[in-house]
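Enquirer: Build out the structure end to end from the sequences listed, making use of the hints.
Protein chains in written order, with the working numbering: chain A, 465 to 614; chain B, 164 to 556.
Hints are computed from structural coordinates only; laboratory data are not their basis.
Quick list of in silico lysine-lysine cross-link-like pairs, DSSO-like style, CA-CA up to 27 Å:
#, chain 1, residue 1, chain 2, residue 2
1, B, K438, B, K397
2, B, K183, B, K279
3, A, K507, B, K438
4, B, K388, B, K203
5, B, K347, B, K183
6, A, K483, A, K561
7, A, K507, A, K493
8, B, K536, B, K448
9, B, K286, A, K598
10, B, K286, B, K180
11, A, K507, B, K437
12, A, K561, B, K437
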Amino acid sequence: MSTKPRVPVLEGWFTLEEKPHLIGTKCAKCGTYYFPRQSLFCKNPACDSEQFEEVKLSRTGKVWSFTNACYQPPEPYIAAEPFVPFTIAAVELAQEKMIVLGQVVEGVNVSDLKAGMEMELVLAPLSEDDSAVKLTWKWQPVVTTARGAQ
Amino acid sequence: MSGEVAILGVGMHPWGKWGKNFVEYGVKAARNALADAGVKWQDVGFVSGAATMRCGYPGYVAGATFAQALGWQGAEVNTSYAACASGSQALAAARTKILSGACDVALVIGADTTPKGFLAPQKGERPDDPDWVRFRLGITNPTYFALYARRRMEMYGDTQDDFALVKVKNAKHGFTNPNARYRKEFSAADVAASAMVADPLRLMDICATSDGGAAIIISSVEYAKKIGRGDAVKIAAISTVTPTFASAVIEMPDLATDSAAAMQAHSFRAALPKKAYEEAGISPKDVSVAEVYDLSTALELDWMEDLQLCERGDAARLVRDGVTSVGGRLPINPSGGLACFGEAVPAQALAQVCELTWQLRGQAGARQVANAKVGITANQGLFGHGSSVILKR
Numbered sequence: 465m466s467t468k469p470r471v472p473v474l475e476g477w478f479t480l481e482e483k484p485h486l487i488g489t490k491c492a493k494c495g496t497y498y499f500p501r502q503s504l505f506c507k508n509p510a511c512d513s514e515q516f517e518e519v520k521l522s523r524t525g526k527v528w529s530f531t532n533a534c535y536q537p538p539e540p541y542i543a544a545e546p547f548v549p550f551t552i553a554a555v556e557l558a559q560e561k562m563i564v565l566g567q568v569v570e571g572v573n574v575s576d577l578k579a580g581m582e583m584e585l586v587l588a589p590l591s592e593d594d595s596a597v598k599l600t601w602k603w604q605p606v607v608t609t610a611r612g613a614q
Numbered sequence: 164m165s166g167e168v169a170i171l172g173v174g175m176h177p178w179g180k181w182g183k184n185f186v187e188y189g190v191k192a193a194r195n196a197l198a199d200a201g202v203k204w205q206d207v208g209f210v211s212g213a214a215t216m217r218c219g220y221p222g223y224v225a226g227a228t229f230a231q232a233l234g235w236q237g238a239e240v241n242t243s244y245a246a247c248a249s250g251s252q253a254l255a256a257a258r259t260k261i262l263s264g265a266c267d268v269a270l271v272i273g274a275d276t277t278p279k280g281f282l283a284p285q286k287g288e289r290p291d292d293p294d295w296v297r298f299r300l301g302i303t304n305p306t307y308f309a310l311y312a313r314r315r316m317e318m319y320g321d322t323q324d325d326f327a328l329v330k331v332k333n334a335k336h337g338f339t340n341p342n343a344r345y346r347k348e349f350s351a352a353d354v355a356a357s358a359m360v361a362d363p364l365r366l367m368d369i370c371a372t373s374d375g376g377a378a379i380i381i382s383s384v385e386y387a388k389k390i391g392r393g394d395a396v397k398i399a400a401i402s403t404v405t406p407t408f409a410s411a412v413i414e415m416p417d418l419a420t421d422s423a424a425a426m427q428a429h430s431f432r433a434a435l436p437k438k439a440y441e442e443a444g445i446s447p448k449d450v451s452v453a454e455v456y457d458l459s460t461a462l463e464l465d466w467m468e469d470l471q472l473c474e475r476g477d478a479a480r481l482v483r484d485g486v487t488s489v490g491g492r493l494p495i496n497p498s499g500g501l502a503c504f505g506e507a508v509p510a511q512a513l514a515q516v517c518e519l520t521w522q523l524r525g526q527a528g529a530r531q532v533a534n535a536k537v538g539i540t541a542n543q544g545l546f547g548h549g550s551s552v553i554l555k556r
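Expert: Here is the structure:
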């Protein structure tokens, strides 16, 4: 593993704890959650609030759907050489009633996933440059399947 | 909005990757539409253009650009931008102008020249732009199409073979369409042999981007009668509603849906035709033919259900049974759809209306839907844009 410093690819989008959370906001008046954070105006048409509190979103949820990227995405994606396909999941958070996209941890394939599967948020490398490893959030099956286990 | 307007003429410039200036496609389509309408350019009182964001300033002011290219003749101009629904929004502007009595005849027009390769975001480090962020994280356009497709497989048991059948059907429809870019028949085996892009979607499940142009001449019903065209196809409804919060489906370019913690979740795609049906006073069971935005094969199945043409989860069975093929009970995308055209954004919603006009007139040749009386379009684009147009004979 690289000895370079590990820094978040997006500042303030997630906590760097051992059990990380996405950082969102919650409308102080109607309780609507936002990710990424919203702190100017509530988007609920029945709410005129401009007050928000920062919240850690649930770090587990259930798979809504999933896919993968077989081809290297265009810039600003920074791919390793050679490009390694990765899995993507849309995960439904029960309390927030929202679906959040993210890459799935390395070693878990489309064939390992099913709708409704329990997933948890982890931090993992997205890319690496000369000075640092850039971390992002990724989804990981809570009970890794036989094929997904590394 | 109440009241109908007449479609006097429609015209297109063939879709392709021609690499020419978009104005050329638009003018050609406009001249075809004027000839089809039997209306003189000088008699057009309002030019309603759909903008393109990829062709510089002339694209931002497309209505005026086309009016100048056709020869300034003192008409009023308008330009609309609404992503994939730009053409419908330009059509809605022209319809409003006519129904208000401010003009008798309008030209609605859209054309585009698309760059080669991936549609990528603007350069630079821009973490406040959701489109930049999702590409930085490796989330491309096919990601979203694939998530919807996989959701169908998980919920309804659809298969990749079902999706391939949509491609096979649309390729067969577009095979004889002179305006289609891809005029080649494909087998399910061809689709299965194409490269996987975003599982479960393969290259042949996903539409390309194209150059093309489409134009429509509309008028008041009184004007149509006056020139002996009282039997012209009519526009019965145009819906360009926004989503309603909380939007339930993960939409490009977002990384998350709205939270439905405080407000009920809504489906945007289902809302678009609902408003059109209500406005037209027409029921889904009256529909003879539909042109829907098949950005992917699987998305055509979602649209069939959003248009209430079948129960949720039943669309794949209809495709398997041949119901949605020309010759079946309810043909979908007789033009060949985006599968055969590729997307030319500001022209695409207008191309759907052109096809339905030909279908309702009985002029669609080998791809003619027998006895077509009511047609509906549907499309959806970025940032809460979408449309659904109902035509009737």
